[in-house]
Each structure stands twice: as C-alpha cells, then as structure tokens.
Amino acid sequence: MDGFLDLLSLPAVQRSAIGLLIAAVGLPIVGVFIIGLDIIAVRFAMMHVALLGIAVGLLAGLDPMLCGLAACALAGAGVAPLARRPTGLPGAMGLLMTFAIAAALLVLSVSGVNATGAFELLWGSILATREIDLIVLGALTVVVHVLFWRWRRQLALLLFDRELALCSGVAAGPLLLALLVVVAVAIGASIRLTGALLVDALTVLPALGARNLGRSLRSIVLWAVVLGVVGNTAGFAVALLIDQPPGPVLVLVAGTLTLLTYLIPEGARDAIDPGRRTDRGGDPVAAGQRVWQH
Amino acid sequence: MTAAITFTTVTCRYGRHTAVDAVDLDVAAGEHVALTGANGSGKTTLLRAALGLHPTAAGTVTVGGESARSGVEWARRRRDVAWVPQRLAPGRFPLLVDELLDSGGHPDAARAAARQLDVGGLGRRPLHTLSGGQLQRVFLARALGAVTAGARALFADEPTAALDFDGQEQVATLLAKLPVTVVVVSHDRAMTRACDRVAEMAAGKLRVI
Ligand SMILES: Nc1ncnc2c1ncn2[C@@H]1O[C@H](COP(=O)(O)OP(=O)(O)OP(=O)(O)O)[C@@H](O)[C@H]1O
Ligand SMILES: [Mg+2]
Numbered sequence: 575m576d577g578f579l580d581l582l583s584l585p586a587v588q589r590s591a592i593g594l595l596i597a598a599v600g601l602p603i604v605g606v607f608i609i610g611l612d613i614i615a616v617r618f619a620m621m622h623v624a625l626l627g628i629a630v631g632l633l634a635g636l637d638p639m640l641c642g643l644a645a646c647a648l649a650g651a652g653v654a655p656l657a658r659r660p661t662g663l664p665g666a667m668g669l670l671m672t673f674a675i676a677a678a679l680l681v682l683s684v685s686g687v688n689a690t691g692a693f694e695l696l697w698g699s700i701l702a703t704r705e706i707d708l709i710v711l712g713a714l715t716v717v718v719h720v721l722f723w724r725w726r727r728q729l730a731l732l733l734f735d736r737e738l739a740l741c742s743g744v745a746a747g748p749l750l751l752a753l754l755v756v757v758a759v760a761i762g763a764s765i766r767l768t769g770a771l772l773v774d775a776l777t778v779l780p781a782l783g784a785r786n787l788g789r790s791l792r793s794i795v796l797w798a799v800v801l802g803v804v805g806n807t808a809g810f811a812v813a814l815l816i817d818q819p820p821g822p823v824l825v826l827v828a829g830t831l832t833l834l835t836y837l838i839p840e841g842a843r844d845a846i847d848p849g850r851r852t853d854r855g856g857d858p859v860a861a862g863q864r865v866w867q868h
Numbered sequence: 018m019t020a021a022i023t024f025t026t027v028t029c030r031y032g033r034h035t036a037v038d039a040v041d042l043d044v045a046a047g048e049h050v051a052l053t054g055a056n057g058s059g060k061t062t063l064l065r066a067a068l069g070l071h072p073t074a075a076g077t078v079t080v081g082g083e084s085a086r087s088g089v090e091w092a093r094r095r096r097d098v099a100w101v102p103q104r105l106a107p108g109r110f111p112l113l114v115d116e117l118l119d120s121g122g123h124p125d126a127a128r129a130a131a132r133q134l135d136v137g138g139l140g141r142r143p144l145h146t147l148s149g150g151q152l153q154r155v156f157l158a159r160a161l162g163a164v165t166a167g168a169r170a171l172f173a174d175e176p177t178a179a180l181d182f183d184g185q186e187q188v189a190t191l192l193a194k195l196p197v198t199v200v201v202v203s204h205d206r207a208m209t210r211a212c213d214r215v216a217e218m219a220a221g222k223l224r225v226i
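Protein chains in written order, with our numbering: chain A, 575 to 868; chain B, 18 to 226.
Just so you know, the hints here were simulated from the structure itself, not pulled from any lab data.
Worth double-checking, as some hints may not be accurate.
To be verified - Some, not all, of what chain A presents toward chain B, calculated at C-beta under 10 Å: (1) A586; (2) R589; (3) I609; (4) D735; (5) L738; (6) A739; (7) S742; (8) V744; (9) R785; (10) I794.
Glycine included, C-beta positions come from ideal geometry on N, C-alpha and C.
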C-alpha cells in the first residue's frame, strides 16, 4: 500500500492518472459511435493509416504526427460515402486497413525510413504522458461531448436508421462525415497518447458494456462514460498496486466489467436506466396522476 | 396547406430488374389515392423514389409543382411529404418511442395522435420492444405530427397491414379526415373505400381504376 501511495506521488504517475481520467470521460463516447456505426475495425485501420501518414511526413520532412492525424481525418472522410449502403462501412474499414498497411510499407521502403522507428513515433504509452498530451486529450474530450450533446437527437435517429433520419430533416451526410472524421482522429490521437491496446479499454469495451445496460442512445452514452471512468480508474489502481504495466491490466479490468454487463437480465434494465425520466409520458399510472393533480 | 403530386414516366430499377416502369400519375391537391397491386409490383419503390430514397432511372415527381434534385430540395421534399414506411432497417442502437414521435417535427401533435391511436403510454419503450401493430400506430402518430408540422402530403405504405380490424377502421377514418394529399398503399377494404380513387400497379406499370 505504501508503494502505491509512493507511486501516486510521482508527477509522471499523476499526469498519467489525469490523462486516463480525461480520456475515460471522452473516449467511451467515441466507442459508442464505433459500435453504432459497426466499425470495430477502425482501430486497426487508423493505426495503419496513421503509420502511412507518419511515413509520408518523414518522407516529405513535415511533422510526422500531424501528417498521421491528417491521414486519419482524410481516411475517415473518404469512407463516409460508403455508408449509403447498409453494409458499406464495416467492409470499408477492413479494406482500408489492408490498403493502409500495404501503402505504408511501400512508402517506408521507398523513403528508406526504418519501419520500427515510424511505429515508435505512433505508439505512445499512458505512463509517458506529457502536458501537451493532456491538452490534446482534453480538447478531444470536449469535441466529442459537444458533438454528442449538441446533435444527440439527430445522432439517435441516424444510428437507428439512416432513412428515418433523412425523413426527419437530419442532414445525414454531413453528420456522418463529422462522426467518421472525429472517430478517426480520436483513434489516431489516442494510439499516440495511450498506446494501441489501451484504446480498446477506453473506447469499445465501455461502449459494448453500455449497450447491454442502456435503452436509448442517451443512456448508452451515460453508461459508457460511467463504465469507462470506473473501469479505468480501477484498472490503473490495480496496475499500480501489483506494479505491472497499466495497458494489459486496464484492458483486463475493463473487459471483466464489460463481461459482467452480459449477466444483467434484460428485464432489470428498466430499473437501472439513467436515461429514465418519469416526468414525461411513459407510465400510464403516472400520467393518470398528473391529470388528477391538474 | 395541401399540394398536388405529379409522377411523370417514373422508372426505377434494381440492377437489370425494372421495378417501376414509366409510371404516370396525377394526384390533385387534397385528393386521397389508394395504391394496390400484387406483392412485388413496385408500390413501395414508387413511393420511395418520390422521397429520394431510391434513385429514378427516368422521370420526375413533383410535389406542389416543385421537383427535387439537390440535397436541399430533397430535404424540402421530405418535409413536405410525411412518410409511413412499410418496414424499417433498424440499426444497432435502440430508439425510444418518444424519440420517434418527436422526429416528425411536432412532438405535441404526434403524442396527441399516439394517445388517440392507443399507444400513448409507450413513450419510454424502445421501438424494438413493440408489437408489429403498436409500431405501426406509432409511425402513423409520427406522420400525423409531421402533417401538423406543415407536411402537405402523406405517403403511407401499408399502414394498416399489422392492425386489428378495429384499428383498420380507426386508421381509415383518421386518414380520410386528413386535409392533405394522401397516397396510401393498402390491400385493406376499409382503407380503399375511404379513398377518392384506387390505382393499381402490376409488374411495375400503373393503371387507374
Ligand atoms: N433492394 C432490392 N434489391 C433488388 N430488388 C428489389 C429490392 N427491393 C425490391 N426489389 C424488387 O423490386 C420489385 C418491387 O418491389 P417493391 O418493394 O416496390 O414491391 P411492392 O409492390 O411494394 O410489394 P409488397 O406488396 O410486397 O410490399 C420486387 O420484384 C422486388 O423483389
Ligand atoms: Mg411494399
């Protein structure tokens, strides 16, 4: 226990803890978008797209990380038109991954840059969090929350049925484009900030668990953030306690939490739904009481 | 406000299969037309094409004299024409009944219509937990909300297919009273009787009875 407290008093560990907390508040929403769009392959795709961008950056003498993120943004925007077909996106992500690996290897080979060196630029670690990383994570979290809370009605319709969204006045095309670009850049940046393995614990794992708990997009997002914060705080504490690398420990803890959500019976979801509001419609008894009160 | 709808040689294809074949149809402002015809004769495709949900290989559809080409024009078209789909392609996330009702553009009217259609107490339920008939009633309520919000026409694709007999009568009466142009795909007698005119599709072609 003393060792734990000693570790926590280190500025580097404190920075990691803060970084993780910020990420755990924002990135689970990205995970919800990923599950909603059915693009789990996006993590692998963006890893290699970012690598391609870094390779191009190194070749052209530009900032490699900026080029990596720009490549992610472009790739996200590039696959948006494929979302018109119901099965377009998941396939596109797989294809993108393969294309990006091949292109990255080719560019690295042509430029004579060492592939491992390029990968190291991409591959961060939560234990090496710098102040600038905290700022980037904070900005990402703000962008994701604004995107969700500002357009949550439209997003709920879009992620339910694109045609219903179109018939409800939702600008489905631009919204989807924004969604894909934000997801792509967030994934690219988080690989750099937290390491590729941790990205899953921060995005898809909480979102998968939240889908088992929530009954609407809003409650799924709230649950995802709760699971993200709880899972990552607990995972980080466990990693410090047993003095093991946080990446794998965090994923195991977050994964266990997600698994537990599968044990909750369907019928019990009503009682625990944070999106539940008793003030409008819904329960006929409550509605009757309201009439009676007036 | 209500609008005339004109279909001019509308043709739609799925690959090589011509699902809608040079259909001409004039619906006067405020007129109620029932569209019948065998399964697979192209009724759904025709209506979806008019909403820009399926591309037309040839021909045009105008609503209130306006055709649609650009994204903005299609968005306007979808505001102008309330839509009750035959079936959904639901995504991975649940949608609440209230969220669906609100999406028509007039939450209060849609909720009032939902109460009238006996689905007023389902607001907080996810759509996938409703029965087929309940889902259809909710979609109708949403469309009635859209009409209150300013839609000048209603396309309803077999809106009573999953309803009980009382429900079929109830919806037929409700639609008959609607002060907008209505095109309703239906095989149900109560509904066709309540319309001004019946048009029948067969293998992609249309004939007016
Ligand atoms: N996505 C699709 N791909 C290929 N063919 C399709 C598709 N959708 C419909 N079709 C075909 O187009 C034709 C017209 O279909 P449509 O759904 O318009 O018929 P419908 O008149 O509405 O039939 P129903 O009464 O069964 O609803 C049918 O032959 C159908 O098999
Ligand atoms: Mg049909």
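Results for each hint:
A cut of 10 Å between beta carbons decides the hint on A:A586: the least distance to chain B is about 39 Å, and the hint is violated. Taking 10 Å as the C-beta contact cut-off toward chain B, the hint placing A:R589 at the interface is violated, the least distance being around 35 Å. Because the closest C-beta pair between A:I609 and chain B is about 6 Å apart, less than 10 Å, the hint holds. For the restraint placing A:D735 at the interface with chain B, the shortest Cβ-Cβ distance is roughly 6 Å, inside the 10 Å limit, so the hint holds.
At its closest, the beta carbon of A:L738 sits 7 Å from a beta carbon of chain B; the interface hint therefore holds under the 10 Å criterion. For A:A739, the suggested interface contact is upheld, since its CB lies about 8 Å from the closest CB of chain B, less than 10 Å. A hinted interface residue such as A:S742 counts as satisfied when its beta carbon comes closer than 10 Å to some beta carbon of chain B; here the least separation is about 4 Å, so the hint holds. A hinted interface residue such as A:V744 counts as satisfied when its beta carbon comes closer than 10 Å to some beta carbon of chain B; here the least separation is about 8 Å, so the hint holds.
Interface hint at A:R785: satisfied, since its Cβ lies 7 Å from the closest Cβ of chain B, which is below the 10 Å cut-off. For A:I794, the interface hint holds, the least distance from its beta-carbon to any beta-carbon of chain B being 7 Å, beneath 10 Å.
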